[in-house]
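Q: Let chain S serve as the given structure and place chain U on it in line with the hints.
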Amino acid sequence: MESVSFKGDRKFREAVVERAGEEIFACYQCSKCSAGCPVAFAMDLLPHQVIRSVLFLKKEKVLSSRTIWICASCETCTTRCPNEIDIAKLMDVLRQMQRESGKKPHEPRVPLFHAVFLNAIKRSGRIHELSMLRTYFLKSGDAREKLKTGEWKNDVKLGLKMFLRGKLKVLPARCEGVKEVRKIFARAEKGKRA
Amino acid sequence: MKVSFFPGCSLEGTAREYGESIEAVCEMLGIEMEEIPGWSCCGASSAHTSDEFLSVALPARNLFQAERIGQNLVTPCAACFNRLKAAEKAITGVARMDVGIPLQGNITVLHLLEFLAQKEFAERIEKQVKRPLKNLKVVSYYGCLIVRPPRITDAIHWEDPQALDRLIAQLGGERVFWPYKTECCGGSLVLTSVDIFRRLTGRLLDMAKEAEADCIVTACPLCQTNLDTRQEEIGATVGTHYDLPIFYFTELMGLAFGVKETGKWFRRHLVDPRPLLRERKLI
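Chains S and U, in that order, give the protein sequences.
The first sequence begins at 313 in our numbering and counts up by one.
The second sequence begins at 12 in our numbering and counts up by one.
With the rest of the complex left out, here is chain S (with noise of 0.2 Å):
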């Protein structure tokens, strides 16, 4: 029997389950995740009120939470459910769905870092870490905040004490396997255009 009582978009809720299983349809609301969450405290929705959220069509709520961006991926959710249900791999789910929404992230850094990220390994096949760091804080507006703020004083102490430590690595390496890396990103760019 379908239930009445809820208004909103059953097709969030379809697609949601579909991406990231039914067992969330399990959920007695335990909280088991939300106590163990590490970053609980800096969250406006805790994972255990993000299921509610998805099982009562809550499709706002809960893609412009502040939640599903700052979630580190811990894993202590999804290990320690009782009923399994895969919750650091809902907050993926919900991550791309709030993305291919269109609308602006409550974290835009986050996805921000991670288009950086992606775009380095389809760059080079392999992440160059000082590159990869160049990019993203120009494109961040961080370089600019910390112009303002002075903190670049801090980032340039903390990356000079690693370069002399020989922890930066000056040029990146070549990846015989870029290529066939170039391929992988051709076809995810066709399968979300499909």
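Hint data in this document are derived by calculation from the structure and do not stem from the laboratory.
There is no bait here: all hints are sound.
Chain U residues, not near chain S, derived (Cβ > 12 Å throughout): (1) K130; (2) F188; (3) K220.
Derived lysine-lysine pairs resembling BS3-like cross-links, with alpha carbons at most 25 Å apart: (4) S/K469 <-> U/K275; (5) U/K100 <-> S/K495; (6) S/K469 <-> S/K458.
Small disclaimer: the values here were computed from a predicted structure and weren't measured.
Glycine included, every Cβ here is placed at the ideal spot set by N, Cα and C.
A: Structure of chain U alone, referenced to chain S:
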């Protein structure tokens, strides 16, 4: 003994001393690590956060190469290990995900720690210990992705793992109990939500101090970097001073094995462990 090796991107940069100590220690144990030719990045958190296809296909490409060689695949990075295992299970498990990269599932992916914790190496490790880590009080830090989620990692003890603890004992060190073996360091947030990151890593440093440990030992390049390089700024935000050495487990093995170039590894740390080791008469 030969195995295939997937170093991961950070071994070429921030985790250089991890790579150097792995090389030294494995040679002494008679293990030949053969780097997978043309290996590429596993995609890490960025791939699984953004795109399911990439999160499976990027590691699968490396697994495919490793299967062609036919030896088991060892990786020292927790994130690489987790993503390689996840891709292997997505393709060869019940889900049978198709990313255009066929896998047989005929090799085993192991994190370096579990590889070296196998029974067959116990005797070899004990034989190599020339300078036991006497009186060195160590808390072991496994972090997230070596153990969680167990359906991906195949970990047997995911809340209270033992491999590092046993190793510390084998090396003659003193295991110190603490409750944060597998608490998250917040590493994935270090660039995007630095306040949250500082609180999570700060909590680990505080607990290690409360447990009266001399140092923390890790098996993950990201955990080590997060714990070691940011102590000054974390201390500054809460008005304390931290100077807790953070070791890779292979560095402690090298130290106990009497490897000569340990100084070269320790010089790369931001919190220099040498004063502590001198005090304990270990160098």
